[in-house]
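So the sequence shown is numbered by the working numbering: it starts at 979 and just counts up by one.
Hints are computed from structural coordinates only; laboratory data are not their basis.
Hints should not be assumed to be uniformly reliable.
[As the list claims (entries may be wrong)] With a cut-off of at most 20 Å between alpha-carbon atoms, the simulated DMTMM-like pairs for lysine to aspartate or glutamate come out as follows: (1) Lys1179 - Asp1072; (2) Lys1227 - Asp1081; (3) Lys1179 - Glu1046; (4) Lys1179 - Glu1167; (5) Lys1227 - Asp1189; (6) Lys1227 - Glu1181; (7) Lys1179 - Glu1166.
[What the hints assert, rightly or not] Beta-carbon label-pair distances, calculated as ranges: (8) Ala1080 - Ala1002: 34 to 40 Å; (9) Gln1023 - Tyr1124: 33 to 39 Å; (10) Asp1105 - Gly1232: 49 to 55 Å; (11) Ala1106 - Gly1232: 51 to 57 Å; (12) Asp1072 - Gln1098: 30 to 36 Å; (13) Glu1167 - Ala1223: 21 to 27 Å; (14) Gly1052 - Ala1014: 19 to 25 Å; (15) Asp1198 - Pro1073: 34 to 40 Å; (16) Gln1098 - Glu1181: 33 to 39 Å.
Each residue gets a CB set at the ideal place from its N, CA and C atoms; glycine is no exception.
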Amino acid sequence: MTSVAIVTGASSGIGAATARRLAAEGFHVLAAARRADRLDALVRQIEASGGAATAVTCDVTSDGSVAELAAAAGRLPHPVTLLVNNAGGARGMDPVATGAVADWRWMYEVNVLGTLRVTQAVLPLLDASGAGTVVVISSTAGLIVYEGGGGYTAAKHGQTALAETLRLELCGRPVRVVEIDPGMVRTEEFSLRRYGGDPEKAEQVYRGVPDPLVADDIADCVAWCATRPQHVNVDRLVVRPLAQAAQHKVHRVG
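With the hints as extra help, turn the sequences into a complete structure.
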């Protein structure tokens, strides 16, 4: 039976790759993000490949927008069994002493409160399906801190705490909670946004790193976790490229 997978932050990067992969797995994908033009292009691409998808413009920092997303999901003629909380991001690499409060606020609002809003809104649908799964795309930054990453690591630690607490609170109900923590993933926008649109600084992050992860690698992890038998809960999946042994240990060549 077809079921619905909601993917936030689906307009690019990991979100778009995850939407494509889940559609290939047979889900009807409800792709959510702020940029309607990109969502429409994604839906056309999925449909051209034989999959099913619906675009919903959504800002995860808006209560009203998230309520509309849940309402749109409820109108689809299939049960909602999967929510992928992917919307997030980083801004700035300033030390704590000089970090911009506005950047910290934005990161907490999108990564933590965005996940909270969407999960609260969609949870009744997942519960009603009898076999629901919440996937939280956090980061290895949610497990360890590093210099210049105070705001982002604080937000990702908060997101990790949310996922762990939710799993405890849902024990005994038919909803799994999966946390996926990627390390170094090269996407078209993440580092560019973090460095205020400076392409040179963004490129420096990956320079010399042989084969960093790409968005499709994380989409593969999401699909694997989501398609395990319902009694199997992958609590946490940490995934890094071979070149990255730890947050501070990265092999570079050249």
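Results of checking the hints against the structure:
1. Lys1179 - Asp1072: holds (13 Å)
2. Lys1227 - Asp1081: violated (26 Å)
3. Lys1179 - Glu1046: Cα-Cα ~37 Å, so violated.
4. Lys1179 - Glu1167: holds (12 Å)
5. Lys1227 - Asp1189: Answer holds: lysine 1227 to aspartate 1189 is near 15 Å, not above 20 Å.
6. Lys1227 - Glu1181: It holds: about 18 Å lies between the C-alpha atoms, which stays within 20 Å.
7. Lys1179 - Glu1166: holds (13 Å)
8. Ala1080 - Ala1002: 34 to 40 Å: Since alanine 1080 and alanine 1002 have Cβ atoms about 39 Å apart, the given range 34 to 40 Å holds.
9. Gln1023 - Tyr1124: 33 to 39 Å: holds (36 Å)
10. Asp1105 - Gly1232: 49 to 55 Å: With a Cβ separation near 52 Å, aspartate 1105 and glycine 1232 satisfy 49 to 55 Å, so the hint holds.
11. Ala1106 - Gly1232: 51 to 57 Å: About 54 Å separates the Cβ atoms of alanine 1106 and glycine 1232, which means 51 to 57 Å holds.
12. Asp1072 - Gln1098: 30 to 36 Å: holds (32 Å)
13. Glu1167 - Ala1223: 21 to 27 Å: At roughly 26 Å between Cβ atoms, alanine 1223 and glutamate 1167 fall inside 21 to 27 Å, so the hint holds.
14. Gly1052 - Ala1014: 19 to 25 Å: At roughly 21 Å between Cβ atoms, alanine 1014 and glycine 1052 fall inside 19 to 25 Å, so the hint holds.
15. Asp1198 - Pro1073: 34 to 40 Å: The hint (34 to 40 Å, Cβ to Cβ) holds, given that aspartate 1198 and proline 1073 are roughly 35 Å apart.
16. Gln1098 - Glu1181: 33 to 39 Å: holds (38 Å)
In this structure, the earlier hints numbered 2, 3 are contradicted, and the remaining ones agree with it.
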